[in-house]
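Colleague: Kindly produce the complete structure, drawing on both the sequences and the hints.
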Amino acid sequence: MTIFKSLEELHHMLVQKEISCVELTRAYLDYVDSADCWVKAFLTVTADSALTKATEIDKKITAGESLGPLEGLPMALKDNMCTEGIPTTCGSRILENFNPPYNATVTERLNAAGAVLVGKLNMDEFAMGSSTENSGYYPTANPWHLDRVPGGSSGGSAACVAAREVPFALGSDTGGSIRQPAAFCGVVGLKPTYGAVSRYGLVAFASSLDQIGPLTTNVKDNALVLNTIAGHDPKDSTSVPFVKPDYTQFLEKNVKGLKIGIPDEYFASGLNPDVAEVIQKAIRTFESLGAEVERCSLPHTEYAMPAYYIIAPAECSSNLARYDGVRYGYRAEADDMSEMFKKTREKGFGQEVKRRIMLGTYALSSGYYDAYYLKAQKVRTLIKQDFDRAFAKYDVLLSPTAPTTAYKIGEKSDPLAMYMGDVYTIPVNLAGLPAISVPAGFVDGMPVGMQLISKHFDEGTLYKAAYAFEQNTEYHLQMPALLKEVR
Amino acid sequence: MKLSREEVEHVALLARLQLSEEEVELYTEQLNSILGYAEMLQKLETDQVFPTAHAVQLFNVLREDEVKPSMSRDKILKNAPDEDDGFFRVPKIV
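Protein chains in written order, with the numbering used here: chain W, 1 to 487; chain U, 1 to 94.
There could be a bad hint or two in this list.
PhoX-like mimics (lysine-lysine), calculated; alpha carbons at most 20 Å apart, straight line [as the list claims (entries may be wrong)]:
#1 W:Lys17 <-> W:Lys60
#2 U:Lys43 <-> W:Lys378
#3 W:Lys244 <-> W:Lys259
#4 W:Lys220 <-> W:Lys5
#5 W:Lys343 <-> U:Lys2
#6 W:Lys235 <-> W:Lys220
#7 W:Lys5 <-> W:Lys484
#8 W:Lys384 <-> W:Lys412
#9 W:Lys235 <-> W:Lys253
#10 W:Lys384 <-> U:Lys43
#11 W:Lys455 <-> W:Lys384
#12 U:Lys68 <-> W:Lys235
Covered, in the sense of this in silico footprint (three residues per stretch, anywhere, with C-beta under 8 Å from a C-beta of chain W), are these stretches of chain U [claimed, not checked]:
#13 14 to 25
#14 48 to 58
#15 79 to 91
It is worth saying that the hints were derived from the structure and are not from the lab. Fair warning: this is a prediction, and the values are worked out from it, not measured in the lab. Each residue gets a CB set at the ideal place from its N, CA and C atoms; glycine is no exception.
Modeller: Listed below in structure tokens is the structure:
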């Protein structure tokens, strides 16, 4: 089928006029129409505007103009990235009727690159969750097994790419929300360095941790998308001015001499033995390719989770104070203002969001700030220092992305048990580092992700290692059985 | 430190959240469980450690102080749950 192809292949088809942009867009929209009743990755499908844009691109092709690498290619965005005039709900009922009056910077950059938006994707409400079961609308299914979660909070983004409903999507990652669903769905997900991609127009959850990144079916596509969205943005005060390389120049099959550290703490109790075996096999693949692999230690790893679950809710309680029913979003009827605020937030927010707002409000309240919030920020320093020491010796750190494969929808009801699913991804966000999850194998038919971590702004080395692994394995070429049934 | 029901109700008031009886019960238990887990941070000696607010160094962003048009009032009010004559309309305060 035409649409089960990489960005590079689709670009080639457009340039060679094997297919028009309208035909390509329509093929994707038809496929979304038939596949998404199973996967439920989309919250909004923007068929009309997609076809209008595709018509414009076809005019360029007819006029003989050259096409950029993403021009005319379909994409979808997690529903926490602002799209002017197109609903942006954040997976929450409180923003059900919100049509942003402006575009996020990533939206602007992808629009300018000619990518065709086909829709907005489901997510855990305000990006809080690890399974996309916390969406205010409906849970998304894992295309590899429809009774399993796709991971979260970018579960819609990972599931729609895994089901080939779009060739690429953007997600956001606060504690692992790109990498963990990428692992559960068997796709490539990159969380860039904090500050490498603008957060302007990304609805904030925890501002010092959130970062936007691409989800794709292969490493090269991922680099192509990062090429478009990365770079300094004066509209975001946390955006870093840095010299953006062409990330595709790092893609080579050779990793001879690459120094890879394997942190002992990421292979301790809690890791499913079958997942561990898949990752050990991946390590042996790197060794066979000439990489130098060595065990190492990140001694403060066990403190990352408790630090995160103080810092992230604290920032969330502050960021979500803006949802009061006055200027936008849902408003509950009430006789006075105070009642209106409380009722609006009671009815508009789901349980996980309320729990984190409560936690954060408590951690920041008078008398507890030092004991919880300040302490957690100090522990964050120790975690960052662990990584600094490791990167003085190694180019890349390698670990499982998640301790298990995707679990069943409804299986985990205890919040703490659910939080443990992000145990290997959270330290990376606290330290602001870039990390990628790539398909590394399967356990009982479910994908396993391998996480590679590098130092700040060294996404190039991540891509190099990930590409070499991908080109010497075939896990990324496998597709969910669902696809065969739908087509 | 253990949170009481009354403290949970006070935090809900600070956060402008109306909670049902069941939610107060549930959050008292869950918050205690999560904060109990966070107690392990106290095992670490951090007196000499500087806190990290952002892991990547931030830079001031300055621009020329030029007068530019802001977003139009109509565009902003389009999302308002209730508006009147160019203002956001809310329940009576006094």
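Colleague: A separate judgement is required for each hint: does it hold in the structure or not?
Modeller: Here's how the hints hold up against the structure:
1. Taken as a hint, the W:Lys17 and W:Lys60 pair is honoured in the structure, with Cα atoms around 12 Å apart against an allowance of 20 Å.
2. With a CA separation close to 13 Å, the supplied pair U:Lys43 and W:Lys378 stays within the 20 Å bound.
3. Simply put, W:Lys244 and W:Lys259 have alpha-carbon atoms about 24 Å apart, too far for the 20 Å limit, and the pair is violated.
4. The hinted pair formed by W:Lys220 and W:Lys5 meets the criterion: a straight-line CA distance of about 13 Å does not exceed 20 Å.
5. Between the alpha carbons of W:Lys343 and U:Lys2 the distance comes to roughly 27 Å, so the proposed pair goes past 20 Å and is violated.
6. For the suggested pair W:Lys235 and W:Lys220, the alpha carbons sit about 29 Å apart, so the restraint of at most 20 Å is broken.
7. Restraint check: the Cα-Cα separation between W:Lys5 and W:Lys484 comes to about 15 Å, which is no more than 20 Å; the hinted pair holds.
8. Among the hinted pairs, W:Lys384 with W:Lys412 is inconsistent with the structure: their alpha-carbon atoms are about 30 Å apart, more than 20 Å.
9. Our distance criterion of 20 Å between C-alpha atoms is broken by W:Lys235 and W:Lys253, whose separation comes to about 38 Å.
10. Restraint check for W:Lys384 and U:Lys43: the C-alpha separation of about 18 Å stays at or below 20 Å, so the hint holds.
11. For the hint pairing W:Lys455 with W:Lys384, the CA-to-CA distance comes to about 11 Å; that is within 20 Å, so the pair holds.
12. Distance restraint check for U:Lys68 and W:Lys235: the Cα-Cα separation of roughly 15 Å lies within the 20 Å cut-off, and the hinted pair is therefore satisfied.
13. Look at the stretch 14 to 25 of chain U against chain W: 7 of its residues bring a Cβ nearer than 8 Å to a Cβ of that chain, three or more, so the hint holds.
14. Counting residues of the stretch 48 to 58 of chain U whose beta-carbon sits less than 8 Å from any beta-carbon of chain W gives 10, enough to reach three: the coverage restraint holds.
15. Against chain W, the stretch 79 to 91 of chain U contributes 7 residues with a C-beta closer than 8 Å to a partner C-beta. That satisfies the three-residue criterion, and the hint holds.
Figure legend: structure checked against the earlier numbered hints; hints not met, in rising order: 3, 5, 6, 8 and 9.
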